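Residue numbers (my numbering), protein chains in the order written: chain A, 10 to 302; chain B, 10 to 302; chain C, 10 to 302; chain D, 10 to 302.
These are calculated hints, taken from the structure and not from any lab test.
Be aware that one or more of the hints could be misleading.
Pairs involving identical chains hold if they fit within one copy or between any two copies, as the list cannot separate such chains.
Stated by the list, open to error - Computed cross-link-like contacts, DSBU-like style, restricted to lysine-lysine with a CA-CA straight-line distance of at most 35 angstroms:
1) LYS11 / LYS247
2) LYS224 / LYS247
3) LYS259 / LYS247
Just so it is clear, the structure is predicted and the values come from calculations on it, not from any experiment.
4 protein chains.
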Amino acid sequence: MKVGFIGVGAMGVCMGRNLLQAGHAVTVFNRSPGRAAALVSDGAVVASCIEEAAAQTVVITMLAHDAATEAVVFDSGFIAAMPADGVHLCMATISAELARRLAQTHAQAGRGYVSAPVFGRPPAAAAAQLFIIAGGEPAAVALCQPVLDAMGQRTYHVSNAPAAANVVKITGNFMLAAIIESLGEACALTRSYGIAPTQLVEILTSSIFPAPAYKIYGGIIANETFEPPGFTLRLGLKDIRLALAAADEKEIALPLASLIRDNYLKALTRGYENLDWSALALVAQEDAGLPRR
Amino acid sequence: MKVGFIGVGAMGVCMGRNLLQAGHAVTVFNRSPGRAAALVSDGAVVASCIEEAAAQTVVITMLAHDAATEAVVFDSGFIAAMPADGVHLCMATISAELARRLAQTHAQAGRGYVSAPVFGRPPAAAAAQLFIIAGGEPAAVALCQPVLDAMGQRTYHVSNAPAAANVVKITGNFMLAAIIESLGEACALTRSYGIAPTQLVEILTSSIFPAPAYKIYGGIIANETFEPPGFTLRLGLKDIRLALAAADEKEIALPLASLIRDNYLKALTRGYENLDWSALALVAQEDAGLPRR
Amino acid sequence: MKVGFIGVGAMGVCMGRNLLQAGHAVTVFNRSPGRAAALVSDGAVVASCIEEAAAQTVVITMLAHDAATEAVVFDSGFIAAMPADGVHLCMATISAELARRLAQTHAQAGRGYVSAPVFGRPPAAAAAQLFIIAGGEPAAVALCQPVLDAMGQRTYHVSNAPAAANVVKITGNFMLAAIIESLGEACALTRSYGIAPTQLVEILTSSIFPAPAYKIYGGIIANETFEPPGFTLRLGLKDIRLALAAADEKEIALPLASLIRDNYLKALTRGYENLDWSALALVAQEDAGLPRR
Amino acid sequence: MKVGFIGVGAMGVCMGRNLLQAGHAVTVFNRSPGRAAALVSDGAVVASCIEEAAAQTVVITMLAHDAATEAVVFDSGFIAAMPADGVHLCMATISAELARRLAQTHAQAGRGYVSAPVFGRPPAAAAAQLFIIAGGEPAAVALCQPVLDAMGQRTYHVSNAPAAANVVKITGNFMLAAIIESLGEACALTRSYGIAPTQLVEILTSSIFPAPAYKIYGGIIANETFEPPGFTLRLGLKDIRLALAAADEKEIALPLASLIRDNYLKALTRGYENLDWSALALVAQEDAGLPRR
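The following block holds chain A by itself, in its conformation from the complex (with noise of 0.2 angstroms):
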C-alpha cells in the first residue's frame, strides 16, 4: 500500500522500517530531515513536503505530542493532498479532544480517520510486536489493517468513536504510573524496616507480580538507573495530564491519577524532568528522608 509517514522519531524509524519489510510503498517527512533519511537505505522515499506525504492512501502520524500534530495537520494542506479515499491514521499518544477533532474534520472534508495509539517501548517497535489500540469506522480501520499488521503484534479495535482508542491508550499509561508510584511508596515503606528495594524488587517480582512493568520499572528504580530514560518523565507527566483531561471532560474524578500528576509536578520541580518516568518513585522516597544513592 502506499503510505506515508510523518514524525521519524526513536518509535518511528522502527515503525517505518517494518512497513518497508511488508513491502509497503512509504514517503517519509520528518521536520528535521536526518531522521527521516535513515529509512533511505530501507527503500524509503523521502518527502520535501508534509502535503507529499499526505497524499498516499494512509497517511500515519506519530509525533510527540498534540501541538505538533495540529501544526502538521491544521497549519499545512494536509487534508486537501489526502486522496479521495484516503485515511489519516494517527498512531501517537494525543488527547481524546484533539482525537474528536481530528475526526470531525476529516469527515467534513470526506476523508477517513482512525486513531491507533501504541502499547510498547522501542524494541517492541523495532520487532514488530506493537499492541495497537485501534477507533474508527470500520472501513477506515479495515483500510488500514495492513499496514498496522506490518507493526503490531494485535490491534485491537475498541470503539467506531476514534477518541475511545486514545482514552483506552491513556489509560493504560495512567496504570503504568500507579505501579510505579506504589513501586515508590513500597520503597520507602520497606527501606525503613531495612529492606533494600532491590530486595524488595527481587522478592515481588519472582512472587507476585511477575509482569514486564514490575520488572522493568522495579529493577530501573531499584537501581537507580533513571538515565538515559525510556520514556522522559515530563512525557508520564503530558499523559497523566491527558487521563486527567479526558476524565475532566466526562466531568468524573480520578484521585489516584490526581495524586500521580500532583508527584509528577513535585517531581518536575526537584530537577527529574528529562530522566526515565519511573524516578516518580524518587518523590516518595525523599519525602520520607531516603535520598538517592
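Once you have looked at the hints, place chains B, C and D on chain A.
For chains B, C and D alone, coordinates are given in the frame of chain A:
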C-alpha cells in the same frame, strides 16, 4: 518434626494438611474444635488446649488478626508451655508492632520467634505453592525451614528482624490494592467513553498487563463477581491500615495508601464489607455516576 | 467618566447602578437586552452592539467565564472600537492564561488592559463594598481608579502583570472552598459522635472561627439551605479548575486544590450542580453514610 | 472548691493561677516539681504525690498526651484516692478512645468524669478567656462549672458522652490545620506569580478573611517566624492523628485530614518538628521549588 498449629481457617486447613503429608507430627488447636477435626483423618492430633499445641518444637499461629494472636499468646500459658528450644512461627499477617513485641517477649523468655507471612490464596496453600516471607534469627529460621518447605514453593529470608517480614508482606498487599484502585479508576474513565470493563480488561491483560493479579482482579471487577469473596474487603482494609501503621511508626507518609484506606472506608459505608476486597473498584465508578450493573 | 459595561448579571446590575450613582456616563451592553434595560431607569444608555460599549474611555467586562469573555473581545470589533487612550477593565474571574492573552493583545493594539476581579457577593456589590484586586500598568490602573472607587470599598493594586490579580482572586476562592471542605469533613466526624451540625457551627463561629466565611457557609451547610445558591457549585468548580490551571502553568502541585476539584466533580455526579457551592460539604457527609436530612 | 491540678505546663500555669484568683483551694502536682512551685506564691499547695491531688472534690488533669494521662490515672492510686463525690476533669486534648475508657473506669468506680478540652493559646489561658468544650453527665458538669468559669469565657456542654467533647476539640484543631494547609498552597501559587506572602496575607486578612486564625497563622507563615512555636508541629501532628483515629473508630474517611497528616509527616522529615505547627505551610512551598527565605 513436632509441630503445633493454632488457627485452622481456610488457609490453615490446607497448610496443616501439607505438613502432615510431608511427615510432620501435627498437634492442632482451634477455638471452634470442628475445624481442627477436619485434619484428624489426615493424621493430626487435636489438642485440648492452647498449651498442648504450644509445647511442640515449632508452634505455628495462623490467626485472623492482631487481637486473636495476642489473645492466644499473651492470655494463656503459651510461652511457658514452649520447650526450651522451641520456636513460635507466626504465619498470619500481623502488624509490625505486634511482631516486634512478640520477638521481645520470646527473647526475654529464651524462646525463638519467626515471622513468616505468606503470599497466596487458598488454592496456592492447598498446592503447597505459597511464597513465604521470613524474618528472624538465622538459627530460628533454619529450624523452621523443613516446616516452611512443606507449605510453600519458596522462602525469602528477608531480615533478622521478624517485623521486617511482616512489613514486606503488608507492602505486597498494599501494591495489590493499588492495582485494584487503578483498575477501578480505569474502568470509570473508559466506561465514560463507551468501553465496557470486560473489553478493557481483555485488552490490558492480553497486552501490557499479562500478570495474574490483573487477570484475577480485572476479571472480578469487570464481571462484578465480588461474591463469594476470596479475601474480604474488611480484611483488605485491615491490611492497608497495617501498612499505614507501619509507616506511621517510622513517621513517613504513603499518600497512595492513605487514598486507598479512605476509599476502603467509603466502600464499607456502601455496605461492601463482605465482598471481595476488589470491590474497592466500585467506589471510583459509583463516584463517576456509573453504578453496578 | 465614559464607561462601557458588558455583562449585566446579578453582580453587574449592582455594579452598574453604583457607577451611575457616582456620576459616570454608562453605556451598557448585554447579550439578552432585558437585563441591560434594568439600568435605564438609573440613567444608563443601552448599546445596540458590543462595539458601542467598547468605544468608551473605560470598558468593563463582567462575564460568566473565559469563553464568554473571549467571544466578546476576540469575535467582535471590540478592540478596534476602543479609543486610543481606552482601557479594557475586566472584572470577571477569568483564567490567568486569558488575562495574559488579553494583556498582550491590547498591548499590541496600543490599548490598555487591567484585570480587576472582586471579592464579594451581590449584597456587597449593591452596597459598593466590594474588595477589588487590580493588576496592570500603574497608569492604566490609575485611569480606572475613579470607576473602581464607585464600586468597591478598597482596591489592592497587586502587580503590573494583570494575570497576577486574577491569580490572587482565584486563590481567595480556593481558600473559601478549603473552608467548605473542612466544614464538610468536620460535620461528618462530629455527626458520627452525636453532635448536630447546627450545634457544631454555633460553637465554632462563637469561639475560634468568628469570621463571615464560617458563619455564612457554616450556616448554609448546617441548615442545608443550598437553594437558592449564592454562587453555584458549577461556578465553584470553575474557579478551582482555574486555580489548578494557574498552578499547572507554573508546574506546581496544589494537593488540597486537587482534592477539592475531585470532590466537586463527585458533587456534580450527585446532581448538585445548581446548588450553592457549599454543597461540596455534602460529599464528605454522604461518603460517611450520613445523608441529607 | 477544693481542686487538684496535675500538669503545670504553659497552659496549666495560667489556668491554675486563675483558679487561685477565683478563690479555689488548689493542690498542685507536677512530675517535675519546679513548675508546681510556680503557683505557690499565688496560694497553691504542692502535693507530694498524685494521690494527694486526686483527693480533692474536682481533680483537673492537663497533660501533654494520652500516654501521660494514662500513666497518671491508671498507674497510680489516682482513682482510689478520689472522694466519693469527686469528679475527674480532664482538660487536655486526649483521644476519643481514652475519654471513653476514662468514663467507663470512673463509672465502674462510682466516680464522676468530665472531658473539657479548651480552645485558646497561653495568652487566652492567662486572661481566663478560654473556650471550653465540656462532655459528661449534667450533674458532673454542673459540679465543675464554677471551676470552669474561673478559667474560661464560655463553656459549651455538648454531650453527656465525654468523648464527644474531645471530638469537637479535635475537629477544631483539624479545621485550623486546614487553614494552614490552604495558606501554604495559596502562598505557593501566588509566589509563583510574583506576589509576596506578606502582600497576599495583608490582602486576604483585610478583605474576606478578617479572622484571628488567618491573621495569626498568615502572619507567621508570611514572615516565617516559626520560632518560638506557639504550638509545636509535633503536637499538630498528634492532633490530626487524633482526628483520623476518631474517624477510623466510626469507619469514616476524612480525605483532607489524611492529606494534612501526610504533609505533617513530610514536615517532620524535613526537620520541622519543633517549629510552630503552621510550618506545615512550608511543605507546599518547598514542593513548588519555593524555599524558605
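**Asked** Looking at the structure, which of the earlier hints fail to hold?
**Response** Hint check: nothing fails, all pass.
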